[in-house]
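Quick mapping for you: the protein sequence lines, in order, are chains A and B.
Residues in the first sequence are numbered consecutively from 142, following our numbering.
Residues in the second sequence are numbered consecutively from 2, following our numbering.
In case anyone wonders, no lab produced these hints; they're calculated from the structure.
In this text the structure is predicted, and so the values were computed from the model without any measurement.
Glycine included, each C-beta is placed from N, C-alpha and C at the ideal position.
Keeping only pairs whose Cα atoms sit at most 30 angstroms apart, straight-line, the calculated DSS-like set for lysine-lysine is: (1) B/Lys49 - A/Lys290; (2) B/Lys45 - A/Lys290; (3) B/Lys169 - B/Lys240.
On the chain B side, residues computed to face chain A include the following (Cβ under 7 angstroms): (4) Leu25; (5) Val38; (6) Pro41; (7) Lys49; (8) Val189; (9) Asp190; (10) Gly223; (11) Lys225; (12) Leu365; (13) Phe386.
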Amino acid sequence: MIKGKVIKYGNNVDTDVIIPARYLNTSDPAELARHCMEDLDPTFVGRVNAGDVMVAGRNFGCGSSREHAPIALKASGISCIIAETFARIFYRNAINIGLPILECPLAAQEISEGDEVSVDVNTGIITNHTTGKVYQGEPFPEFMQQIIKSEGLINYVRERMGQK
Amino acid sequence: MGMTMTQKILAAHAGLDKVEAGQLIMADLDLVLGNDVTTPVAIKEFNKIGADGVFDKNKVAIVPDHFTPNKDIKSAQQCRLIREFAHHKEIANYFEIGRMGIEHALIPEQGLAVPGDVIIGADSHTCTYGALGAFSTGVGSTDMAAGMALGKCWFKVPEAIRFNLTGKLQPWVSGKDVILHIIGKIGVDGALYQSMEFGGEGLASLSMDDRFTIANMAIEAGAKNGIFEVDQQTLDYVKEHSTKEYKVYSADEDAVYTRVIDVNLSEIKLTVAFPHQPDNTRTIDQAGDIAIDQVVIGSCTNGRIEDLRAAARVLKGRKVHPRVRTIIFPATQKIYLQAMKEGLLEIFIEAGAAVSTPTCGPCLGGHMGILAKGERAVATTNRNFVGRMGHPESEVYLASPAVAAASAVTGRISSPEEVVL
Ligand code: SF4
Chain A
142 MIKGKVIKYG
152 NNVDTDVIIP
162 ARYLNTSDPA
172 ELARHCMEDL
182 DPTFVGRVNA
192 GDVMVAGRNF
202 GCGSSREHAP
212 IALKASGISC
222 IIAETFARIF
232 YRNAINIGLP
242 ILECPLAAQE
252 ISEGDEVSVD
262 VNTGIITNHT
272 TGKVYQGEPF
282 PEFMQQIIKS
292 EGLINYVRER
302 MGQK
Chain B
2 MGMTMTQKIL
12 AAHAGLDKVE
22 AGQLIMADLD
32 LVLGNDVTTP
42 VAIKEFNKIG
52 ADGVFDKNKV
62 AIVPDHFTPN
72 KDIKSAQQCR
82 LIREFAHHKE
92 IANYFEIGRM
102 GIEHALIPEQ
112 GLAVPGDVII
122 GADSHTCTYG
132 ALGAFSTGVG
142 STDMAAGMAL
152 GKCWFKVPEA
162 IRFNLTGKLQ
172 PWVSGKDVIL
182 HIIGKIGVDG
192 ALYQSMEFGG
202 EGLASLSMDD
212 RFTIANMAIE
222 AGAKNGIFEV
232 DQQTLDYVKE
242 HSTKEYKVYS
252 ADEDAVYTRV
262 IDVNLSEIKL
272 TVAFPHQPDN
282 TRTIDQAGDI
292 AIDQVVIGSC
302 TNGRIEDLRA
312 AARVLKGRKV
322 HPRVRTIIFP
332 ATQKIYLQAM
342 KEGLLEIFIE
352 AGAAVSTPTC
362 GPCLGGHMGI
372 LAKGERAVAT
382 TNRNFVGRMG
392 HPESEVYLAS
402 PAVAAASAVT
412 GRISSPEEVV
422 L
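Use the sequences and the hints to build the structure in full.
Set out below in structure tokens:
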């Protein structure tokens, strides 16, 4: 079970603002985290705490395929992202690196900055402890649950290769 | 219920007779691609898998194009890492500086993408090869790592939007205007998780370079891939560039689409995307008076020979506006050479433009033309997000090479018709 405080953004948050290209000459997670969200919200790095949940609108993570984006968010302490919809490459990247993300338009609209929420990744249930409201997010198909359970695609592939 | 082009290709590569939208499949890969930004992350993950080598040395391509020629020590380290990996794993398609190009212009030119292929690339504009009737899509570095090890990738079978093309482009109007027009209409998430399938009688009038530009920006509408019906032009292109075996797929007559959108090419006008989203489009006659500081012509979207020819037609015998910096970067060495033979480079340099070796450079705000605070650029690239080409308070306007070149001459966003009388 994931539990944390909400940091909220709007629609079409692109990977260029999640981690600007000028920092892509490294792939070190800690270094990337230092510049996470910088061009959209320079206060993010200073106020994010380990376990915080990011909530956003439509098409979160659109643009470049840089896996540095979910890596930077994960390394900055974000434990889960809830959005109305995700851009597809970001969606697969997050799953592949084992960062839970959930689509739930209603929750994404109603949850506010600073709310305390908990997320059950297995069932897709999102609880807003500040307002008491409960939401049913889109649960992962089984195949993706297996990847998340293996803590990412690489472990999943290793397990598969081991079976061979 | 029939299948779309994309669904048919995916079914064949998953060893299935039939797939349906939403189904999760494992598909065999014909090519796995990476660049100098995404491959270092993929190598880290690849090493964790513990595979001896890549699944097929001829089916992996690595192109150092983003921060090359190395912009600083860190990017040099990244390139060294991928160079050594390519060498160690005996990867046939590693393209060194001097022989390279921007990946999405280079891969088709090298004959590495053909109709019917399934291709993944750790770069979002991998969707470019859909112009050839292949299924190709951008993924992340971890997918690239798993793809290099297994030769397979997981996909959710997409639904599709069908674009029926009719008519013929007006003078100066190009593939760039077509795709900007479409994105302006459906929005940056208008095709989210879906394929954009292009076909119809209007297709014949679009050159391969136009099609590459259109497929390239499918991702800017949120699409999983863009794909074009294969016609004689496609086959001629493949014959000229590739010796790979290919297979032509076409959609079933009863294929199911979420939407069918008619696009009359004759009605499309020169189009510009204003900051900070590619769907914030206006036709050139509604652009207003926007003074600019820089023009960038090139990138995987518009750095091909036809693009350079269009720019040269505008710049020939003219001068870049004194207040404007103009940077032109042919997308591959071959295109560079061709442009030289045709005298285009001379036209550019005479006009007062800088001409660069192939690189992504300014397109992603990497190097070679970064914008200062408050500056504006007209670029033939594909993204105009906040900070994309430099300072978070700079602005990028996306346009075709003809519009970009005309704007370079006048110093404000302009139609080529204003300049070439
Ligand atoms: S030219 Fe621009 S969009 Fe194309 S691959 Fe390079 S950085 Fe990406």
